[in-house]
Amino acid sequence: MGEAVTRIQSAPFDPATAWQTVWAENSQCGAVASFTGLVRSDENLVALELEHYPGLTEQALDRIAGIALTRFELARAMIIHRIGRMDVGDPIVHVAASAPHRRAALDAVSFMIDVLKTQAPFWKKAYYAKGAEWIEPRAEDHSAATQWLDNTGKKEGV
Amino acid sequence: MVFEVQYFARLRDELGRSAETVESQAATPLELIDDLVRSDERARLLSEPFIRVIINDELAAIDSPIQPGDRIAFCPPFSGG
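The listed protein sequences derive, respectively, from chains A and B. Everything in the first sequence is counted per my numbering, starting at 1 for the first residue and increasing by one. Everything in the second sequence is counted per my numbering, starting at 1001 for the first residue and increasing by one.
Source of the hints: derived by calculation from the structure; they are not laboratory data. All figures in this text were calculated on a predicted structure; none of them were measured in a lab. Among these hints, one or two may not hold up.
[What the hints assert, rightly or not] List of simulated lysine to aspartate or glutamate pairs, EDC-like, C-alpha gap at most 16 Å:
#1 A:Lys125 <-> B:Glu1023
#2 A:Lys125 <-> A:Glu49
#3 A:Lys125 <-> A:Glu51
#4 A:Lys125 <-> B:Glu1020
#5 A:Lys125 <-> A:Asp90
[What the hints assert, rightly or not] One side of the interface only, derived from the structure: several residues of chain A facing chain B at Cβ under 10 Å:
#6 Tyr53
#7 Val93
#8 Leu116
#9 Phe122
#10 Lys124
#11 Lys125
#12 Ile135
[Unchecked claim] What follows is a list of derived Cβ distance ranges for each label pair:
#13 B:Glu1023 <-> A:Ala24: 33 to 43 Å
#14 B:Gly1069 <-> A:Ser27: 38 to 48 Å
#15 A:Ala24 <-> B:Gln1067: 40 to 50 Å
#16 B:Ile1062 <-> A:Gly89: 37 to 47 Å
#17 B:Glu1031 <-> A:Asp14: 17 to 27 Å
Built from N, CA and C at the ideal position, the CB exists for glycine as well.
With the rest of the complex left out, here is chain A (with noise of 0.2 Å):
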């Protein structure tokens, strides 16, 4: 059985150094794959809030990375999240996997960023210099992660 790691945090991480966590020194593991999610400079945001409900998220974070590490077979699986205000180019958000194969660590990390981003409960507020706004999820936020929860024909408790 493999090993989850999952971390809400508001301090800044560096990724490099949550990707060294996740390499398995393990001559089984042939394949480590990662997804880093920034602030992006979009139609002159000043920064990020990210607000998660105590307890609840965690509990989503834990139940996505362990539902990985079954389905996927990982040796190591991560998600780290921040939350608080964050700057223009910090990092949000860092998913990783390591398995024997490249396609099991690849689709590991997409499935738990798609599954992630509407089923575990964060809000992102977007400040401009002109106000803020509240970010809803779009549409193929919803079809990313449904895809992953409809493969099996249920919903794998997410």
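For this one, chain A is given, so just place chain B on it according to the hints.
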């Protein structure tokens, strides 16, 4: 019966409060919204499509049964990552 009601993110901003104690005979979150609207018309936004309901820290349906003392949270759609 008394319920602890919480509002997250956009709902908190639009209602101007993060939590309140509500006296109600509601049997479901949907009925609770009716009571909330009677004292504050803005609470109508709680019945928008895609609003998520969390009862005692567990995701629930808007017509799930609720008990006195339950903590009921209303949340906009999730948008992490």
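Item checked: Hinted contact A:Ile135 with chain B - closest CB pair below 10 Å -> Cβ of A:Ile135 sits 5 Å from chain B, so the hint holds.
Next item on the list: Would you check whether A:Phe122 satisfies its interface hint, that is, whether its CB is within less than 10 Å of any CB in chain B?
Entry: holds, 3 Å
Notebook entry, point to check: Per the CB criterion, is A:Lys125 less than 10 Å away from chain B?
Noted result: It holds, given that the least Cβ distance between A:Lys125 and chain B is near 7 Å, below 10 Å.
Next item on the list: With a cut-off of 16 Å on the C-alpha distance, tell me whether A:Lys125 and A:Asp90 pass.
Entry: Measuring from Cα to Cα gives roughly 15 Å; hence the hint holds.
Note to self: Is 37 to 47 Å respected by the C-beta to C-beta distance linking B:Ile1062 and A:Gly89?
What the structure shows: Holds: the Cβ-Cβ distance is about 39 Å, inside 37 to 47 Å.
Checklist line | Distance restraint hint 33 to 43 Å, applied to the beta-carbon atoms of B:Glu1023 and A:Ala24 | finding: violated, 55 Å
Check: Would the pair A:Lys125 and B:Glu1023 pass a check requiring their Cα atoms to be no farther apart than 16 Å?
Finding: violated, 31 Å
Check: Between A:Lys125 and A:Glu49, does the CA-CA distance stay at or below 16 Å?
Finding: Satisfied, since the Cα-Cα distance of roughly 5 Å is no more than 16 Å.
Check: So does A:Ala24 sit 40 to 50 Å from B:Gln1067, Cβ to Cβ?
Finding: For B:Gln1067 against A:Ala24, whose Cβ atoms are near 46 Å apart, the range 40 to 50 Å holds.
Check: Against chain B, with CB atoms and a cut of 10 Å, does the hint on A:Leu116 hold up?
Finding: The hint holds - A:Leu116 has a Cβ within 10 Å of chain B, the shortest such distance being about 5 Å.
Next item on the list: With a cut-off of 16 Å on the C-alpha distance, tell me whether A:Lys125 and A:Glu51 pass.
Entry: holds, 8 Å
Check: Okay, B:Gly1069 versus A:Ser27 on CB: inside 38 to 48 Å?
Finding: violated, 55 Å
The structure fails hints 1, 4, 13, 14, 17 (numbered hints given earlier, in ascending order).
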